[in-house]
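Given chain Y's structure and the hints, the job is docking chain V onto it.
Protein chains: 2
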Amino acid sequence: MSYSGVGSSPGNVAVSHGGKMKLIDRKLKLTEVLLRCSATALALLALILIVTDTQVKKIFTIEKRAKYTDMKALVFLVVANGITAAYSLLQSVRCVVGSMKGSVLLNKSLAWAIFLSDQQAMAYMSVAAIAASAESGLIGIRGEEKLQWMKVCNMFGKFCNRAAGGTASALLASIAMVFVSSISAFSLFRLYGGATQRQPNDAVRK
Amino acid sequence: MSYSGVGSSPGNVAVSHGGKMKLIDRKLKLTEVLLRCSATALALLALILIVTDTQVKKIFTIEKRAKYTDMKALVFLVVANGITAAYSLLQSVRCVVGSMKGSVLLNKSLAWAIFLSDQQAMAYMSVAAIAASAESGLIGIRGEEKLQWMKVCNMFGKFCNRAAGGTASALLASIAMVFVSSISAFSLFRLYGGATQRQPNDAVRK
Numbered sequence: 001m002s003y004s005g006v007g008s009s010p011g012n013v014a015v016s017h018g019g020k021m022k023l024i025d026r027k028l029k030l031t032e033v034l035l036r037c038s039a040t041a042l043a044l045l046a047l048i049l050i051v052t053d054t055q056v057k058k059i060f061t062i063e064k065r066a067k068y069t070d071m072k073a074l075v076f077l078v079v080a081n082g083i084t085a086a087y088s089l090l091q092s093v094r095c096v097v098g099s100m101k102g103s104v105l106l107n108k109s110l111a112w113a114i115f116l117s118d119q120q121a122m123a124y125m126s127v128a129a130i131a132a133s134a135e136s137g138l139i140g141i142r143g144e145e146k147l148q149w150m151k152v153c154n155m156f157g158k159f160c161n162r163a164a165g166g167t168a169s170a171l172l173a174s175i176a177m178v179f180v181s182s183i184s185a186f187s188l189f190r191l192y193g194g195a196t197q198r199q200p201n202d203a204v205r206k
Numbered sequence: 001m002s003y004s005g006v007g008s009s010p011g012n013v014a015v016s017h018g019g020k021m022k023l024i025d026r027k028l029k030l031t032e033v034l035l036r037c038s039a040t041a042l043a044l045l046a047l048i049l050i051v052t053d054t055q056v057k058k059i060f061t062i063e064k065r066a067k068y069t070d071m072k073a074l075v076f077l078v079v080a081n082g083i084t085a086a087y088s089l090l091q092s093v094r095c096v097v098g099s100m101k102g103s104v105l106l107n108k109s110l111a112w113a114i115f116l117s118d119q120q121a122m123a124y125m126s127v128a129a130i131a132a133s134a135e136s137g138l139i140g141i142r143g144e145e146k147l148q149w150m151k152v153c154n155m156f157g158k159f160c161n162r163a164a165g166g167t168a169s170a171l172l173a174s175i176a177m178v179f180v181s182s183i184s185a186f187s188l189f190r191l192y193g194g195a196t197q198r199q200p201n202d203a204v205r206k
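Line order of the protein sequences matches chains Y and V.
Take the first sequence: its letter number 165 is residue 165 in the working numbering, and every next letter is one higher.
Take the second sequence: its letter number 104 is residue 104 in the working numbering, and every next letter is one higher.
Please keep in mind that the hints were generated in silico from the structure rather than gathered at the bench.
Please note: incorrect hints may appear among the correct ones.
To be verified - Ranges of calculated distance between the beta carbons of each label pair, as one might list FRET restraints:
#1 Leu172/V <-> Phe60/Y: 47 to 57 Å
#2 Thr54/Y <-> Arg26/V: 23 to 33 Å
#3 Met150/V <-> Ile24/Y: 22 to 32 Å
#4 Ala168/Y <-> Ala168/V: 27 to 37 Å
#5 Ala168/Y <-> Gly19/V: 51 to 61 Å
#6 Ile62/Y <-> Met150/V: 11 to 21 Å
#7 Val56/V <-> Lys151/Y: 25 to 35 Å
#8 Gly19/V <-> Ser117/Y: 28 to 38 Å
#9 Arg65/Y <-> Arg142/V: 14 to 24 Å
#10 Gly157/V <-> Ala168/Y: 30 to 40 Å
#11 Ile59/V <-> Leu172/Y: 42 to 52 Å
#12 Val97/V <-> Val79/Y: 43 to 53 Å
Unchecked claim - Below 25 Å or equal to it, Euclidean Cα-Cα: the simulated SDA-like pairs (lysine to any residue) are:
#13 Lys57/Y <-> Glu145/V
#14 Lys146/Y <-> Ile48/V
#15 Lys22/Y <-> Tyr192/V
#16 Lys151/V <-> Cys160/Y
#17 Lys67/Y <-> Gln120/V
#18 Lys72/V <-> Ala168/Y
#19 Lys108/Y <-> Ile175/V
#20 Lys158/Y <-> Leu147/V
#21 Lys20/Y <-> Gln120/V
#22 Lys72/V <-> Val75/Y
#23 Lys146/Y <-> Lys72/V
#24 Lys64/V <-> Leu138/V
#25 Lys108/Y <-> Lys22/V
#26 Lys146/Y <-> Lys146/V
#27 Lys146/V <-> Ile59/Y
#28 Lys64/V <-> Gln148/Y
#29 Lys108/V <-> Leu116/Y
#30 Lys27/V <-> Trp112/Y
#31 Lys146/V <-> Ile141/Y
#32 Lys151/V <-> Arg65/Y
#33 Lys27/Y <-> Gln120/V
#34 Lys146/Y <-> Lys64/V
#35 Lys146/Y <-> Leu138/V
#36 Lys146/Y <-> Val51/V
#37 Lys108/V <-> Gly19/Y
#38 Lys57/V <-> Glu145/Y
#39 Lys72/Y <-> Leu171/V
#40 Lys146/Y <-> Phe76/V
All values derive from a computational prediction rather than experimental measurement.
Positions of the beta carbon are idealized from the N, C-alpha and C atoms, including for glycine.
Okay, chain Y solo, but in the shape it has when bound (with noise of 0.2 Å):
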């Protein structure tokens, strides 16, 4: 696969591959938008359903409040979500804006700040906010019976379910991010495949 023949004599590939390429390219720019729309929207769902996540019981005459701060795990995830939702927001305005001025490769020091922010902080942000709550939960479902760590789902099973909503929503969106990622490190390593054989060092737009 070659994108619109930079990297060699620039008449007959560009010719050959260049319609093909445009193509493939916007497919690829259209999924990172649906992507990045999608992560938006359910880690600001994912926010949302925790955050007002809240149950109270009543023990005989104690009255008993579960609320998302309780489990700083869940604190960790809303704080997470938030993060995401922003940044997938601005990123999905930028492609489209992007898109729109019809460029489909980007600078280097733009793809590597983008693939940097994508991979090394939001998915790995994402995968380690969940995997953390998801202990939580774990703990809060079954119990660590040996270290004393009662269940409390039994207790607060409606907050329970929605604290998962959430979290199982905080992973779709981390999916959505992983995928994103994937695709930003394509969009960067790719322009050190033969694309910067005419400009060693700089922007290669088309």
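The following block gives chain V in isolation, referenced to the frame of chain Y:
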């Protein structure tokens, strides 16, 4: 940056860029081998530290023993590190053998397989295992007062310190895996730059 002049008129580009690129490729291969070997050693160290972690405490006449199986997150961390160590060792061998054979660029199928297993499986699994373990560790150190999950590290300090050491070692292994997965993304996606113009769907070797 170009790689061995693949994707351009072979003579002049190969002559002008070939030597420099060979050097960069060799450095990258060496870095990959070193990172994979480090990941193997660190994951193995984490596994050993956690599996051998145990502490006995006498409370009046009752003897209490803490071991890693008491905390499910530590069991997950041990399994994840076992897989990481074995996988990284095998990949190190593949890298060394590949370097001895002198192959620089992979074929697309192999590059995809390595990218998917490095990044989508190993790197994310390591990060998830560490996050889950860190979450359990934090509960162990600070407790979750509202959920009546009590601290255990004030009683089993030695056990907790060693588990923290194991988690730190796993974290370093996971950082190595994150870098390795970036290298494998580079090795895969550079094939889509201009590198395959001469051999559209095949191995590009030199």
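Do the hints match the structure? See the list:
1. Leu172/V <-> Phe60/Y: 47 to 57 Å: holds, 50 Å
2. Thr54/Y <-> Arg26/V: 23 to 33 Å: violated, 59 Å
3. Met150/V <-> Ile24/Y: 22 to 32 Å: violated, 57 Å
4. Ala168/Y <-> Ala168/V: 27 to 37 Å: Distance hint for alanine 168/Y, alanine 168/V holds at roughly 31 Å.
5. Ala168/Y <-> Gly19/V: 51 to 61 Å: Holds, since alanine 168/Y and glycine 19/V (Cβ atoms, about 53 Å apart) stay within the stated range.
6. Ile62/Y <-> Met150/V: 11 to 21 Å: holds, 19 Å
7. Val56/V <-> Lys151/Y: 25 to 35 Å: holds, 27 Å
8. Gly19/V <-> Ser117/Y: 28 to 38 Å: Holds: the Cβ-Cβ distance is about 34 Å, inside 28 to 38 Å.
9. Arg65/Y <-> Arg142/V: 14 to 24 Å: Roughly 21 Å apart at Cβ, these two residues keep to the hinted range, so it holds.
10. Gly157/V <-> Ala168/Y: 30 to 40 Å: About 37 Å separates the Cβ atoms of glycine 157/V and alanine 168/Y, which means 30 to 40 Å holds.
11. Ile59/V <-> Leu172/Y: 42 to 52 Å: Roughly 45 Å apart at Cβ, these two residues keep to the hinted range, so it holds.
12. Val97/V <-> Val79/Y: 43 to 53 Å: Distance hint for valine 97/V, valine 79/Y holds at roughly 45 Å.
13. Lys57/Y <-> Glu145/V: holds, 17 Å
14. Lys146/Y <-> Ile48/V: holds, 22 Å
15. Lys22/Y <-> Tyr192/V: Roughly 14 Å separates the two Cα atoms, so the pair holds.
16. Lys151/V <-> Cys160/Y: Distance ~22 Å between lysine 151/V and cysteine 160/Y Cα, so the pair holds.
17. Lys67/Y <-> Gln120/V: Outside the cut-off at roughly 33 Å; violated.
18. Lys72/V <-> Ala168/Y: Given pair lysine 72/V, alanine 168/Y holds - Cα atoms ~21 Å apart, limit 25 Å.
19. Lys108/Y <-> Ile175/V: Holds, at about 24 Å.
20. Lys158/Y <-> Leu147/V: Given that 25 Å is the threshold and the Cα spacing comes to 16 Å, the pair holds.
21. Lys20/Y <-> Gln120/V: The hint is violated at about 29 Å.
22. Lys72/V <-> Val75/Y: holds, 22 Å
23. Lys146/Y <-> Lys72/V: holds, 10 Å
24. Lys64/V <-> Leu138/V: Satisfied, since the Cα-Cα distance of roughly 21 Å is no more than 25 Å.
25. Lys108/Y <-> Lys22/V: holds, 21 Å
26. Lys146/Y <-> Lys146/V: holds, 19 Å
27. Lys146/V <-> Ile59/Y: Judged against 25 Å, a Cα distance of about 15 Å means the pair holds.
28. Lys64/V <-> Gln148/Y: Roughly 12 Å separates the two Cα atoms, so the pair holds.
29. Lys108/V <-> Leu116/Y: holds, 24 Å
30. Lys27/V <-> Trp112/Y: holds, 20 Å
31. Lys146/V <-> Ile141/Y: Distance ~16 Å between lysine 146/V and isoleucine 141/Y Cα, so the pair holds.
32. Lys151/V <-> Arg65/Y: holds, 22 Å
33. Lys27/Y <-> Gln120/V: Holds, at roughly 22 Å.
34. Lys146/Y <-> Lys64/V: With a Cα-Cα distance of about 10 Å, the restraint between lysine 146/Y and lysine 64/V holds, given a limit of 25 Å.
35. Lys146/Y <-> Leu138/V: Measuring from Cα to Cα gives roughly 17 Å; hence the hint holds.
36. Lys146/Y <-> Val51/V: Holds: lysine 146/Y and valine 51/V sit about 17 Å apart, inside 25 Å.
37. Lys108/V <-> Gly19/Y: holds, 23 Å
38. Lys57/V <-> Glu145/Y: It holds: about 17 Å lies between the C-alpha atoms, which stays within 25 Å.
39. Lys72/Y <-> Leu171/V: Since the Cα atoms of lysine 72/Y and leucine 171/V sit roughly 21 Å apart, the hinted pair holds (cutoff 25 Å).
40. Lys146/Y <-> Phe76/V: Measuring from Cα to Cα gives roughly 17 Å; hence the hint holds.
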